[in-house]
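Participant: The listed protein sequences derive, respectively, from chains R and H. The letter at position 48 of the first sequence is residue 48 when you use our numbering, and the numbering goes up by one with no holes. The letter at position 83 of the second sequence is residue 83 when you use our numbering, and the numbering goes up by one with no holes.
Each hint should be verified, as a subset may be incorrect.
[As the list claims (entries may be wrong)] Quick partial rundown of chain H residues pointing at chain R, CB under 10 angstroms, derived from the structure:
no., residue
1, T138
2, D141
3, F232
4, L237
5, R240
6, K247
7, R248
8, L313
9, I314
10, T315
11, V317
12, V319
13, Y322
14, K467
15, D471
16, I474
[Claimed, not checked] Subject to a maximum C-alpha distance of 25 angstroms in a straight line, what follows is the list of computed BS3-like cross-link-like pairs (lysine-lysine):
no., chain 1, residue 1, chain 2, residue 2
17, H, K468, R, K23
18, R, K120, H, K243
19, R, K120, H, K247
Just so you know, the hints here were simulated from the structure itself, not pulled from any lab data. By construction, the Cβ of each residue, glycine as well, lies at the ideal position given by its N, Cα and C atoms.
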Amino acid sequence: MMIEAEHLAMRFRMPQERVSGLKEYVTKAIRHKLKYDEFWALADVSFSVRKGEVLGVIGRNGAGKSTLLKIIAGIMKPTRGTLKVAGNVVPMLELGSGFDSELSGRENIYLNGAILGYTKAYLDSKYQEILDFSELGSFIDVPIRSYSSGMMMRLAFSIATVVNPEILIVDEILAVGDEEFQKKSRARMAELMAGGTTVLFVSHSLSQIREICDRVLWLDGGKVKLLGGTEKVCDAYQENLAPGPAPQKGKRP
Amino acid sequence: MENPGVKISLRRGCWTAMAAYLLLAVSFYFLGGDQLRHRDDLTDWLTPTFQIGEVTKGVALEQPFSPGMDTFEYVTVLPGTYARKNTSTVQIQILNGDKVLGQRMWNAAELSEGSPISVGADHPAAFPKGTMLTLRITSPDAAPGNAVTFDCGGPPASSAERLTYAGKTADASLCFKVGTRKTLWFGTYYWRLAAAFGLLLAFYCLRLVRCREKGKNSLGLRVIDACTRYRFLIHQLVSRDFKTKYKRSVLGVFWSFLNPLLMLLVQYVIFSTLFKQDIVNFPVYLLIGIIAFNFFSESCSMSLMSIAGNASLITKVYVPKYIYPLSRTLSSMVNLLLALIPLMLFILFSGTRVTPAYLLLPFGIFCLVLFCLGLGMLLGAAMVFFRDTQFLWGVVSTVWMYATPIFYPEKIVPQQFALVLKINPLYHFIRFARIVVIDGVSPEPKAYLLCLLFAVGMFAAGALVFKKTQDDFILYL
Chain R
1 MMIEAEHLAM RFRMPQERVS GLKEYVTKAI RHKLKYDEFW ALADVSFSVR KGEVLGVIGR
61 NGAGKSTLLK IIAGIMKPTR GTLKVAGNVV PMLELGSGFD SELSGRENIY LNGAILGYTK
121 AYLDSKYQEI LDFSELGSFI DVPIRSYSSG MMMRLAFSIA TVVNPEILIV DEILAVGDEE
181 FQKKSRARMA ELMAGGTTVL FVSHSLSQIR EICDRVLWLD GGKVKLLGGT EKVCDAYQEN
241 LAPGPAPQKG KRP
Chain H
1 MENPGVKISL RRGCWTAMAA YLLLAVSFYF LGGDQLRHRD DLTDWLTPTF QIGEVTKGVA
61 LEQPFSPGMD TFEYVTVLPG TYARKNTSTV QIQILNGDKV LGQRMWNAAE LSEGSPISVG
121 ADHPAAFPKG TMLTLRITSP DAAPGNAVTF DCGGPPASSA ERLTYAGKTA DASLCFKVGT
181 RKTLWFGTYY WRLAAAFGLL LAFYCLRLVR CREKGKNSLG LRVIDACTRY RFLIHQLVSR
241 DFKTKYKRSV LGVFWSFLNP LLMLLVQYVI FSTLFKQDIV NFPVYLLIGI IAFNFFSESC
301 SMSLMSIAGN ASLITKVYVP KYIYPLSRTL SSMVNLLLAL IPLMLFILFS GTRVTPAYLL
361 LPFGIFCLVL FCLGLGMLLG AAMVFFRDTQ FLWGVVSTVW MYATPIFYPE KIVPQQFALV
421 LKINPLYHFI RFARIVVIDG VSPEPKAYLL CLLFAVGMFA AGALVFKKTQ DDFILYL
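One chain only, chain H, in its complex shape:
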């Protein structure tokens, strides 16, 4: 391959890659926003069961609480008004021993039954393990009949968290939430990390150019050569799949739009009437799950048959065998991209806020596609040796569908099955997309890492098995 054209285009490719990396690294920093730098946590409160009684002048309500391990920011409580207009004032303080960390005053008239109010620390800080702070609620002027109260529940999380009201300690606790903020090292060291990866990339590019000049072989060069050499074939195979799929149907390519929408309709009717769930923006939640799982099941079942089904071709012409599962996965990806159009239309019509974070969606799609490609290669190879694979896969994919929160909220998964969710790669990909689309923000750095690990891991495993076994395919076809 000693031709100057290739050499120049490799150089140009390297420059393009570096420029693209720079652009991505900078834009990612701004798209990721606060989610990359810190994570906000809020504890859950006890279910309110009763109200403690009026907080009048001279009566103090004290609630000890643990500020948690991260930077403590604020506490939220639930006031009660006895359904009357109170004119007194109420003060809430956060105390560390005798030291006041933060305080705030309210006119009782501003408060309404059950709408939470928060007090922040003046200087958010982390406390050593085991520190207990105190929430102290008092009133300088309230007379009985003109004071507010607060929601309580029980039993308290620990005996240290029992509340004291009018000098008496009760076996109950105020309903409160503790807001903390954790600083993430990823955000702190972002630019250093980005620069390190940039350097690695630059070194690798340099090495590739060196290898090319000296005519040495390297994995990267082989991949680049294969990509340029077989691009036309892959393009032809993908467009073949796409053309023949809808060839004789009247609506043709519209089925790519229509199919997810119809499935959405069916499942939406079932799950919003029969099994009611309180999920924010349920149609979009559901549609994302449907589209992702559709792609997963379509690409895997197509890759599964890609070797066994092309036996007549494989025994007659030499084509690198990975082309078959690759082209199948890519043609499913075209369908996936088409299915995103109705999703976007749906989002626009349902009034969901479109944010710049949507630009992060391609990352999730890339991980999903890479994962499916790896699994597809594994299945395609297995199918050659065990024809039982296709029937087994039918069962496995059904189980997989129910193990993934497509139409139910992840919260209803019982504690003992939480692990199933954690090790389910599809859950992580779908969760990524839902955070981006529904919440309109970037997921936390860990979500990126998990998605990438699952995708690359599956791809590596699939590619390895495929490479090891591909020479034997022909003997079993």
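So here's chain R without its partners, still in its complex pose:
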């Protein structure tokens, strides 16, 4: 088993009334009068993923998909439940979040790579590959504040996908850039996901889920609605979608 999650629960708290100042805050905190609205983004989620398996995660907005991914990526600690993750996790949640606009593309490759947990030797050996894939050419030595958004995304994608992780977490298939680059990036993603890596894949595109996943986890209101074979879950989800708009869920902080 690469991932074993048992009874995962995640609670967010929002102060109920607006506290207007430090004094009021302190006096209330001392008397334990601070009231919170509790919001369980995840309530009792259990599942496990075998090595090399591709698990799709589907659900409406606010069902707890991103929270689940963040917990598995180690960004959040669950309020309750246990989680066992065997192997290094590479999260592809948002591209280029570690970029520094003052630095050149080359410097950002090393900076962002270090943040994603790559070693210097690894980045040195993969540098040319990243550069070639991003098609930036001589722009690599220009500060990235002068990049177009397309160039920035191409660079970020190239850095993020150069890895060979044991567990890959993907929030939506990342298709960036022009049509040519999109085709290339889709191929790279497919290659990554097919290469024996364990993948957790969140998407709103059922066709992509059907195409790639071995099993599917359907989250609804922070609970597991259905977990099973791709076809079965996707069909059930589609039926459930059809009747009308989903009821409004509470907002998260």
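Given chain R's structure and the hints, the job is docking chain H onto it.
Facilitator: Below, chain H alone, put in the same frame as chain R:
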């Protein structure tokens, strides 16, 4: 982590640590010098207000005094010559009852108005509490008009310290200083202490290697693993901070040199003309204060924002959160080290003596950095939960600046605020650096202990708070 490479490098690391400790322990003994073994104290004298009158043949001047609690060494007095050439001789004796502890003769021609002369005890020794010695000044041959006199002041420190001149006791006292020397146990037991710590270190290294072999977990191993694992990331973050700081400025990295020098210029002009202070080597005194406080305020304000300001990163990628304040403190440290270059140039040009004691400076810097790292972690964590922290900190750091003797001498702090100085860690770090650089000697052992205690204490407190709260950061970002 069962790979042989790590095991070998841990062993090698342990050997390196032991060798480094041995080298440090031995070199510290010689760098620290006399300051580690004993402390010399000198009492203050009364302000001279009058001169007692000629000490002629047959007229004795006797001054009782307390030799203090430590080893008594010598007494210093201030002669007066009536602005004429005297040809007589004068004798000063230190007496314990009838026993002569030490004596010395001068030709009056050697003495000049207001330049102090000292008499030492032949065998420096400590006296029981309450002992009073007597300073007896006589002349075997001086005639009136050819004798010297001595500066006096009043009232005496106690009624027992009233002087007797020509058989009459006056309500005044000679102006004198008592020099004593205190033997410090640190110096006496230095080698035993060093050996004990060496043994402890060796045992700990052994334990680490054992733990690694058995695959057991221990704090030391986790720290070592984290250091090797995140070294590249920390290096990248520090070089990012450094590169972006001066990226679009024309002078670039020169600002690291220029900034403290310009501040020195401004403050020097203000404080050497408007508020005159008699501080030895004022420019260097001031520059040390400026550099240390600059580092303190820069690293703390950067660490303060390190968590809240990196919210976009923290919510997306897992990186141990202590990396953020750590990398910020380290990049400030790079600036601190760069600012030492103009300090050293300044010292060379101003003619201050460069001594081997300068090698002790890294200890002070280490303590300062550790202290700032701890405080930075505390502030960074507090900032996540209370955004008011940044405004509060602005006020606190200003107060802190005025509470630290950066541009004023520590002597002008009134007695009732002495405690403020004593509990101000920055004062101790800056004082350490000033003793090393300006006096060119090692500070007393207590100074090391205080610096280390403040640094380790703050670091422990900051790290503890940070560790306890770090899992909740993400909920408040």
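Participant: Grab the minimum C-beta distance from L313 of chain H to chain R and call the hint holds if it beats 10 angstroms, violated otherwise.
Facilitator: Holds, about 6 angstroms.
Participant: Run the distance test for K468 of chain H versus K23 of chain R: straight-line Cα separation, threshold 25 angstroms.
Facilitator: holds, 24 angstroms
Participant: Taking the least C-beta to C-beta distance, is V317 of chain H closer than 10 angstroms to chain R?
Facilitator: This hint holds: V317 of chain H lies near chain R, its Cβ roughly 6 angstroms from the closest one there, short of 10 angstroms.
Participant: Under 10 angstroms, Cβ to Cβ, is where I474 of chain H needs to be relative to chain R, so tell me if that hint holds or is violated.
Facilitator: holds, 5 angstroms
Participant: Against chain R, is Y322 of chain H within 10 angstroms by beta-carbon distance?
Facilitator: violated, 15 angstroms
Participant: With a cut-off of 10 angstroms, does the beta carbon of L237 of chain H approach a beta carbon of chain R closely enough for the hint to hold?
Facilitator: holds, 7 angstroms
Participant: Measuring from the C-beta of D141 of chain H to each C-beta in chain R, is the shortest one below 10 angstroms?
Facilitator: violated, 81 angstroms
Participant: Hey, does the I314 of chain H contact hint survive, CB to chain R under 10 angstroms?
Facilitator: Check passed: Cβ of I314 of chain H comes within 7 angstroms of chain R, closer than 10 angstroms.
Participant: Given the proposed pairing of K120 of chain R with K243 of chain H, does the C-alpha separation stay at or below 25 angstroms?
Facilitator: Given that 25 angstroms is the threshold and the Cα spacing comes to 19 angstroms, the pair holds.
Participant: Hey, does the D471 of chain H contact hint survive, CB to chain R under 10 angstroms?
Facilitator: At about 5 angstroms, which falls below the 10 angstroms cut-off, the nearest Cβ of chain R leaves the hint on D471 of chain H intact, so it holds.
Participant: Regarding the hint that T138 of chain H lies at the interface with chain R, is the smallest CB-CB distance below 10 angstroms?
Facilitator: violated, 74 angstroms
Participant: At a threshold of 10 angstroms, is the proposed contact between K467 of chain H and chain R supported by beta-carbon distances?
Facilitator: Since chain R brings no Cβ nearer than about 13 angstroms to K467 of chain H, farther than 10 angstroms, the hint is violated.
The structure fails to meet hints 1, 2, 13 and 14 from the earlier list, while all remaining hints are met.
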